[in-house]
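S.K.: Each chain is listed here by its residues.
Number of protein chains: 2
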Amino acid sequence: MKPVAPVVMILAVACTFSATAAAQTPAERAIKYRQAALSTMGFHFFGILAPMAKGERPYDAQVAARSAKFVAELSEMPWHDGFPAGSDAGAPTKAKPEIWKDKAKFDKLAQAMQAEAAKLGQVAGTDLATMRTQVQATAKACTNCHDEFRAR
Amino acid sequence: MKPVAPVVMILAVACTFSATAAAQTPAERAIKYRQAALSTMGFHFFGILAPMAKGERPYDAQVAARSAKFVAELSEMPWHDGFPAGSDAGAPTKAKPEIWKDKAKFDKLAQAMQAEAAKLGQVAGTDLATMRTQVQATAKACTNCHDEFRAR
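Respectively, the protein sequence lines represent chains A and B.
Here our numbering is used: the first residue of the first sequence is 1, the next is one more, and so on.
Here our numbering is used: the first residue of the second sequence is 1, the next is one more, and so on.
It is worth saying that the hints were derived from the structure and are not from the lab.
There's no promise every hint is true.
When chains are identical, the list treats them as one kind, so a pair holds in a single copy or across two.
[As the list claims (entries may be wrong)] Using 30 Å as the maximum straight-line C-alpha spacing, the simulated BS3-like pairs for lysine-lysine come out as follows: (1) 103 - 54; (2) 101 - 54; (3) 108 - 94; (4) 105 - 69; (5) 94 - 54; (6) 140 - 69; (7) 103 - 69.
Here the structure is a predicted model, which is why all the values come from computation and not from measurement.
Based on the provided sequences and hints, a complete structural model is requested.
M.R.: Structure below.
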């Protein structure tokens with residue numbers, strides 16, 4: 001067992017990330033994190049699945065299934081680490097202060113979205129009509145939260 | 001069946017994203033996407049798991065398992081949509097042109113990282129020593145690709 005070498009190795013890999021992260025406040029890190037996670041989800045949902053549902057892009061079962069799987073996985077990521085107390089400010093953000101004033105309601109709407117996204121992950125590769133119905137249900141769940149908790 | 005209303009609904013949700021995405025070239029969209037996905041992965045790997053492995057943060061099996069699950073899921077996301085031909089330029093990027101000159105090697109290293117990340121997702125909640133060993137193996141897989149294909 002050589003405990004030192006591996007730590008040095010990790011440090012070498014982590015140096016770029018750590019230098020950036022160290023320059024950020026915890027609030028700034030959380031804001032950037034939630035924006036990156038939600039943006040990755042948006043790429044697949046609004047950039048691939050919604051255009052397929054709207055007929056602007058040909059339906060491809062394999063592509064739809066992959067993007068929907070990613071959306072389902074990403075839908076779980078923003079909440080625990082992305083919205084800690086105090087992260088209502090610290091970097092540019094559209095998240096409204098109301099999130100932390102009514103966290104129970106925010107969490108409930110976030111969970112409702114996750115449930116719809118999980119279903120989307122299961123059915124998006126079935127056929128266009130099935131995918132479209134679930135894209136609509138998921139989009140509605142996005143809106144339900146954005147209307148109340150995201151600035152325009 | 002009312003086909004019009006759902007489409008309008010989706011458009012309403014998608015408008016912010018679409019306005020942003022429409023202003024971007026395909027290369028710019030791909031670059032921003034891969035950076036968002038890899039940054040989300042980095043938050044969990046370098047921001048949570050590596051500090052636990054290094055003893056800078058207390059080991060918490062539940063937190064480690066959650067972050068490692070996310071790392072495993074995120075490790076699959078950047079490749080297909082994030083590195084299309086022509087996305088070597090179009091927005092600031094550290095991705096070297098060598099990626100598209102030797103895509104087979106790049107893909108092989110990306111797959112090797114995914115394999116290590118998948119293992120990490122399975123074992124990170126076991127105990128600190130087990131997690132540390134697999135964090136090191138995953139960090140090595142990151143480095144193997146970054147050394148050759150990412151600018152410093």
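S.K.: It remains to establish, for every hint, whether it holds in the given structure.
M.R.: Evaluated hints:
{"no.": "1", "hint": "103 - 54", "result": "neither (33 Å within a copy, 33 Å between copies)"}
{"no.": "2", "hint": "101 - 54", "result": "neither (36 Å within a copy, 36 Å between copies)"}
{"no.": "3", "hint": "108 - 94", "result": "within (19 Å within a copy, 39 Å between copies)"}
{"no.": "4", "hint": "105 - 69", "result": "both (26 Å within a copy, 26 Å between copies)"}
{"no.": "5", "hint": "94 - 54", "result": "within (27 Å within a copy, 35 Å between copies)"}
{"no.": "6", "hint": "140 - 69", "result": "both (18 Å within a copy, 27 Å between copies)"}
{"no.": "7", "hint": "103 - 69", "result": "both (27 Å within a copy, 25 Å between copies)"}
Going down the numbered hints, you'll see the structure goes against 1, 2, while the others check out.
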